[in-house]
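> Numbering (my numbering), first residue to last: 9 to 90.
One thing to keep in mind: the hints can contain errors.
[Said to hold, decoys possible] Derived pair list, reagent style DMTMM-like, types lysine to aspartate or glutamate, alpha-carbon separation capped at 25 Å:
#1 Lys63 / Asp53
#2 Lys71 / Asp53
#3 Lys71 / Asp58
In short, the hints are calculated from the structure, not lab data.
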Amino acid sequence: MVTRNGFDMLFTNALVCWVLVQIISLTYGFSGEMLPYSDPNTCADNEYFDPSSLKCIPCNDVKNLEPTKDSELLNKIIIFNK
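With the hints as constraints, model all of the structure from the sequences given.
Next up, the structure:
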(Lines of atoms letter the chains of each structure in order from A; the text may use other names.)
(Lines give C-alpha, C1' and ligand atoms only; values in the text may rest on other atoms or scores of the structure.)
Protein backbone atom coordinates (compact mmCIF):
# COMPACT_ATOMS: atom_id res chain seq x y z
CA MET A 9 0.00 0.00 0.00
CA VAL A 10 1.35 3.40 -1.00
CA THR A 11 1.09 6.04 1.67
CA ARG A 12 0.31 9.66 0.96
CA ASN A 13 4.00 10.63 1.36
CA GLY A 14 5.02 7.73 -0.88
CA PHE A 15 2.55 8.82 -3.55
CA ASP A 16 3.80 12.42 -3.37
CA MET A 17 7.40 11.22 -3.72
CA LEU A 18 6.48 8.97 -6.67
CA PHE A 19 4.59 11.80 -8.40
CA THR A 20 7.47 14.23 -7.79
CA ASN A 21 10.02 11.79 -9.23
CA ALA A 22 7.85 11.16 -12.28
CA LEU A 23 7.38 14.89 -12.81
CA VAL A 24 11.12 15.57 -12.53
CA CYS A 25 11.86 12.78 -15.03
CA TRP A 26 9.28 14.15 -17.47
CA VAL A 27 10.72 17.68 -17.19
CA LEU A 28 14.26 16.37 -17.79
CA VAL A 29 13.14 14.45 -20.87
CA GLN A 30 11.44 17.57 -22.23
CA ILE A 31 14.52 19.73 -21.63
CA ILE A 32 16.83 17.19 -23.30
CA SER A 33 14.43 16.82 -26.23
CA LEU A 34 14.28 20.57 -26.78
CA THR A 35 18.03 20.99 -26.33
CA TYR A 36 19.03 18.35 -28.87
CA GLY A 37 16.23 19.05 -31.31
CA PHE A 38 14.29 15.81 -31.05
CA SER A 39 10.85 16.60 -32.39
CA GLY A 40 9.46 13.09 -32.07
CA GLU A 41 9.59 12.67 -35.85
CA MET A 42 10.38 9.15 -36.97
CA LEU A 43 12.54 8.82 -40.07
CA PRO A 44 12.25 5.65 -42.11
CA TYR A 45 15.61 3.89 -42.47
CA SER A 46 16.73 2.98 -45.95
CA ASP A 47 19.35 0.24 -46.30
CA PRO A 48 22.37 1.36 -48.40
CA ASN A 49 22.24 -1.97 -50.22
CA THR A 50 18.77 -1.18 -51.58
CA CYS A 51 19.87 1.94 -53.47
CA ALA A 52 19.41 1.70 -57.24
CA ASP A 53 22.30 2.07 -59.68
CA ASN A 54 21.48 5.73 -60.24
CA GLU A 55 21.27 6.50 -56.49
CA TYR A 56 23.71 6.96 -53.63
CA PHE A 57 23.19 6.57 -49.88
CA ASP A 58 23.20 9.87 -48.00
CA PRO A 59 24.16 9.18 -44.36
CA SER A 60 22.88 12.54 -43.13
CA SER A 61 19.32 11.81 -44.28
CA LEU A 62 19.59 7.98 -44.04
CA LYS A 63 18.06 7.47 -47.48
CA CYS A 64 18.93 6.85 -51.10
CA ILE A 65 19.27 10.03 -53.17
CA PRO A 66 19.17 10.10 -56.99
CA CYS A 67 22.50 10.98 -58.64
CA ASN A 68 22.78 14.35 -60.32
CA ASP A 69 22.93 13.75 -64.09
CA VAL A 70 24.57 17.14 -64.64
CA LYS A 71 27.67 16.07 -62.68
CA ASN A 72 28.07 12.91 -64.80
CA LEU A 73 28.48 10.74 -61.73
CA GLU A 74 28.85 7.02 -62.31
CA PRO A 75 27.96 4.15 -59.96
CA THR A 76 30.87 2.52 -58.20
CA LYS A 77 32.41 -0.49 -59.93
CA ASP A 78 33.87 -1.75 -56.66
CA SER A 79 30.69 -2.60 -54.77
CA GLU A 80 32.47 -5.39 -52.82
CA LEU A 81 34.79 -2.83 -51.23
CA LEU A 82 31.81 -0.58 -50.49
CA ASN A 83 30.00 -3.45 -48.75
CA LYS A 84 33.10 -4.17 -46.65
CA ILE A 85 33.22 -0.51 -45.58
CA ILE A 86 29.50 -0.55 -44.68
CA ILE A 87 29.88 -3.78 -42.68
CA PHE A 88 33.00 -2.44 -40.91
CA ASN A 89 31.14 0.72 -39.82
CA LYS A 90 28.23 -1.21 -38.25
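> Decide, hint by hint, whether the structure agrees.
Against the structure, the hints come out as follows:
no., hint, in the structure
1, Lys63 / Asp53, "holds (14 Å)"
2, Lys71 / Asp53, "holds (15 Å)"
3, Lys71 / Asp58, "holds (17 Å)"
Checked against the numbered hints listed earlier, the structure breaks none of them; every hint is satisfied.
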